[in-house]
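Undergrad: Residue numbers (our numbering), protein chains in the order written: chain A, 1 to 249; chain B, 250 to 608.
Keep in mind that the hints were calculated from the coordinates and are not lab data.
Hints are not guaranteed to be accurate.
What the hints assert, rightly or not - Lysine-lysine pairs mimicking DSBU-like chemistry, simulated, CA-CA at most 35 Å apart:
#1 A:LYS187 to B:LYS515
#2 A:LYS181 to B:LYS455
#3 A:LYS200 to B:LYS548
#4 A:LYS187 to B:LYS455
#5 A:LYS7 to B:LYS455
#6 A:LYS191 to B:LYS477
#7 B:LYS454 to A:LYS201
#8 B:LYS538 to A:LYS201
#9 A:LYS7 to B:LYS454
#10 B:LYS454 to A:LYS200
#11 B:LYS257 to A:LYS191
Residue-level listing of the chains:
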Amino acid sequence: MIQTLRKPDRIVQPCGFCGGCGHGVIQRLIAECLEELGISDRAINCVDIACCFWTLDGMDLDGIAGPHGRLPAVATGIKKTRPDDIVYIHAGDGASYTIGIAETVHICLRDVPVTMIVVNNGVFGMTGGQMSLGTTLLGQATTSTPRGRNESSNGSPGDFLQALSQFDFEFAARGALYSVKEINRTKQLIKKGFQNQMEKKGFSLIEVLSACPTNWHLSPVAANKRVEEVVAAQFPLRVYKDRGGMSDG
Amino acid sequence: MAETRFMKGNEAIAEAAIRAGCRFYAGYPITPQSELLEYMGAHMEAAGGTFVQGESEVASISMVWGAACAGNRAMTSSSGPGFDLKQEGIAYLASYEAPAVVVSMMRYGIGGGDITAGQDSYLQAAKGGGNGDYRLLVLCPNSVQECVDFTYQAFDLAEKYRNVVLILGDGAVGQMMQNVVLPDYVEPNINRYDWVIKGRAAGEKKNKATNLNWYMGDRPWEAHIREKLHRMQEQEQRWESYLVEDAELVYVAIGVSSRVAKQAVKMGRAKGLKLGLIRPITAWPFPRKAFEAVNPDVKGYMVVEMSIAGQMLEDVYGATQFSKPAYCCCTGIDIPVAEDVLARAEQALRGELEPEVAL
Ligand SMILES: Cc1ncc(C[n+]2csc(CCOP(=O)(O)OP(=O)(O)O)c2C)c(N)n1
Ligand code: SF4
Ligand SMILES: [Mg+2]
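Chain A with its partners taken away, still in its complex shape (with noise of 0.2 Å):
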């Protein structure tokens, strides 16, 4: 069957993403499962201060941005205030398990019936590329870690996502975009999430693991390869939890 492929109407301007950034992967992703479930006409963007800002333009949707790490607490006043509308965040790894993990913990603990996209490329991207405490990896240089990650003077990553799925809320799974078989199964977990929503059920998380080529200074292919061998070995793709009984084949 030959398919012709097409933008998502509710993305109307080029991107400002790097090439090869997961980003904008996941903003299609979104446009995608908003258009398909026919609820575009009720979502509202919540972006956080960082590189997914740039889907606050690029998304033909009213949106709000920031405070950093805030999100949760802001979809949280908007979702009360409007229930009928679809609430979504975009923010990273940086916002949602550093600055803002007491954010991220309560809106878990809350189950406030929000979609929450973690974009985990194990970097804070905006900022040019500097150690991200929940997520870079051990040994990984980054801006503020030139010399690689060490144990003693930075701590060690963790597994947010599992650590967080022991909350009684909706859901909570882990994509990536490293192939075309990934970023279709990624697809099905935003669209779980934004389902999750519109029957009215509690708080889905849904984590990717994404590539920073500018800051890892690699190219999009080998930032990729990395994703699946490195970091995916780190931060399993699988779904964590799931009230509503979602089989993790």
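Position chain B with the ligands relative to chain A; hints supplied.
TA: The following block gives chain B with the ligands in isolation, referenced to the frame of chain A:
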């Protein structure tokens, strides 16, 4: 139908907010304003609104930022170090000119400070506190009825100017109990403004709640903000004047100190001393106009304030263009006592006090 109730200042603020149509409150407990949060916890849901005990003041004001941009009448409250943590979100509200009401019931001291009443967060409230060139419209109640009235008006003012309104009280006003008349209920409509964020059909113009200059252009935005601040400065100065026309010395005070200063004026007048009082009701815009009605031969002004070095002093000097000496009656952690406030004025009038230097 107007209803009368015996209430604490903190509770009266919460009740007035609900009656004004506030349907989103988030806050983190801190003395001396926790009753406000507790009152919201007890009554907000019954009014059809949302109460969230936030994980921090930062999270609470961020929720208010989201709720306000979504069109809700939203509010948070705090004090001292908790109010410090609100500054990030207040600046975000200012960046999009989103209206919201914030309450600071000042406690005394620096850092952790004390849990009792203070007025030493005046500068932070009146001059800003977050980054960037914005101002809050700052209303200073000195009675429980004013806690009701100012809170009720605050939501309209916030929307009129698309500006955060701050209710700046102190621990004493928050804890004080009086009979109050409560106003009628307002039911909010979250879609009444075209700047709110919500789901929209393709083709509709979209709103982006973020720095407005990116959409308006830098120069037009700066001109717009400048014009708004000047308009507020001109139109919103509020104050109460008491016996200033013939006064030889005029106290300037807000909140609990203004109640005591008024008492000192009465006691002084009974002894034949011509004292007066200017009570700023707006800390910003500072009521410079109030000084125009003062006796031109007034010998000086005296700031009565629970602080160390006199935070309102620079506003008084600004209002008088340094044309008159100004003194301080700074009582620090202690609530001023009328006899002492009067004695301090007598000292000033006898020429025994050096005018206070504004820092
Ligand atoms: C309060 C605050 N601190 C710091 C910053 C600067 N800052 C912007 S984005 C960012 C880190 C972004 O990293 P991440 O959340 O992982 O997003 P990425 O750009 O990697 O997708 C930082 C430190 C800010 N905007 N606000
Ligand atoms: S810096 Fe990294 S995360 Fe940001 S747009 Fe470029 S590749 Fe993407
Ligand atoms: Mg990152």
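Undergrad: Confirm or reject each hint.
TA: Going through the hints against the structure:
1. A:LYS187 to B:LYS515: violated (74 Å)
2. A:LYS181 to B:LYS455: holds (34 Å)
3. A:LYS200 to B:LYS548: Given that 35 Å is the threshold and the Cα spacing comes to 68 Å, the pair is violated.
4. A:LYS187 to B:LYS455: Within the cut-off at roughly 25 Å; holds.
5. A:LYS7 to B:LYS455: Given pair A:LYS7, B:LYS455 holds - Cα atoms ~19 Å apart, limit 35 Å.
6. A:LYS191 to B:LYS477: The hint is violated at about 44 Å.
7. B:LYS454 to A:LYS201: Within the cut-off at roughly 30 Å; holds.
8. B:LYS538 to A:LYS201: Not OK: B:LYS538 and A:LYS201 at ~56 Å, beyond 35 Å, violated.
9. A:LYS7 to B:LYS454: holds (20 Å)
10. B:LYS454 to A:LYS200: OK: B:LYS454 and A:LYS200 at ~28 Å, within 35 Å.
11. B:LYS257 to A:LYS191: violated (49 Å)
When each numbered hint is compared with the structure, violations occur for hints 1, 3, 6, 8 and 11.
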